[in-house]
Every structure is written in C-alpha cells, then in structure tokens.
Amino acid sequence: MKNLNEMFVALLFVVLASLATLAVAEENRVTTIEYENGDVYTVPENENVFVSTEDNLFVYKSYPKAVHFKKQWPTDKVDKPIATPNPNPVGTHEWCKAHVPYETGYSFSDQTWERHCDTNNDREYSCGDETFDASDEGASCSTTTNTTSSTSSTSSTGSTGSFTDVDEYGFSQACADFDTSVGFTFGYINWQQQCDTNNDGEYNICDYYEPTGGATFADIQYNKQCSSSDGS
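If you read the sequence shown in my numbering, its first letter stands for residue 26, the second for the next number, and so on.
Please note: incorrect hints may appear among the correct ones.
As the list claims (entries may be wrong) - Computed cross-link-like contacts, SDA-like style, restricted to lysine to any residue with a CA-CA straight-line distance of at most 25 Å: (1) 122 to 136; (2) 122 to 141; (3) 105 to 76; (4) 105 to 122; (5) 249 to 226; (6) 122 to 148; (7) 102 to 141; (8) 95 to 78; (9) 122 to 144.
Read the hints as simulated data drawn from the structure, not as lab findings.
My request is simple: use the sequences and hints to build the entire structure.
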C-alpha cells in the first residue's frame, strides 16, 4: 500500500511539473518577430520559433527503419500590410470630378466614368448627373437649372452644353462649338454620330434642319446649301 501511495505521489509530481513547464513555455512563447527593416510577423499558435546562431540546422523524425532529416532555413515570413482605404473610391463624387475622360483614348476608367458619373450621357460631369446632384455641390444645381431655363427663353440656341439640347429648328450649340481638331477620340466619334449626320466633317444646317416645304428663310437656306451633290 505504501508503494502505491509513493507511486501516486511521484506521478502527481510529474504531472504538476509538466503543467508548470507548459505554463512557463506558454508565458515565454514568442508571438511576434520584428525584423530590422521594420517588418513584423505574427507567429500562429501552431508554429514554433527557434532562435539560433547556427546556420546549419536540421529537424529529424524517426521511423521504424529510418530517420528523416529536414534542413531548416531562416524564415522570411512577414505580415501582409494593412491596405489603406481609398479616400475617393471609383465612382464617388470626388473621383468623378477628378477623372479626365478620354484623355488617353477610350479606357476602362472611361467606361466606369460613363456608367457611374455621366448618367445623363452629355459627356460631362455636372448638374443632371445622379452622383453630382446627390453630392454637397448638388444644391447649386437648382440655381443653375433656373438660370439655364431663363436663358433658353431669350436665346436663339437654347444650348446647355449637350449635343442633345437643341432649339426649335433642331440646332445644337454644343455640336457647333465642338472642336473637331481634337482628332479621332471617343468624343469626336460621339460628335460624328449625333451632330455630323451627313458625314461631311462639319456641322451645318444640312445636319439638323428638317425642311417644311414652305418659303421660310430656313427652308431657302437649306435648299440652297444642302440640295447640291456635296452638301456644302
């Protein structure tokens, strides 16, 4: 009976010593590695860190008939840097204002700009576009709209800067003001499609006026300028 008690006490001592060793090991466990260049690596719980001045280290695992040695190399693991949030994500008001459409031809960014910024398809980002109207600057749009409406009633063009804004005769000031010397850009292609309907390289009465068959000045001008074979 005495031997059993001694064995029990010895076993209990071994268990307690093992737990104490584990507690110390856990307390001294390395959780991060800081490199000289400032990089940091957070050590997962299932990894062990060995610090050594030797550069020729192996770990081995024994098998019934063999022992396997595996060369150990210094770790180069580092934590992935935390991505800095973009203060002006694509499609926001600030991004739409800053983006210059068709600056380098027709890019994927231009497609995004057309989809999220130029919602009224007038080839500019301003009042009338959903993102602009919803921004802090959108409050000024009501004033702009009233001014434009007033101007339209006294102006012969009624232009608001869009190819689709025309007067009673079909004339678009935006089409007339477009600089065709910019070259073969997306804006020029759009101008050709919406303004230069007779494909003569210029915007004139032949592109927009629909003759009424009467003897008005516009009909006379149209017949004189557009009835010739070259439309000039």
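These are the hints, each one checked on the structure:
1. 122 to 136: Roughly 15 Å separates the two Cα atoms, so the pair holds.
2. 122 to 141: Given pair residue 122, residue 141 holds - Cα atoms ~12 Å apart, limit 25 Å.
3. 105 to 76: Between residue 105 and residue 76 the Cα gap is close to 23 Å, so the pair holds against 25 Å.
4. 105 to 122: 32 Å, violated
5. 249 to 226: Answer holds: residue 249 to residue 226 is near 19 Å, not above 25 Å.
6. 122 to 148: 13 Å, holds
7. 102 to 141: Violated: residue 102 and residue 141 sit about 40 Å apart, past 25 Å.
8. 95 to 78: 18 Å, holds
9. 122 to 144: Cα-Cα ~13 Å, so holds.
Hint check: violations occur at hints 4 and 7; the rest are consistent with the structure.
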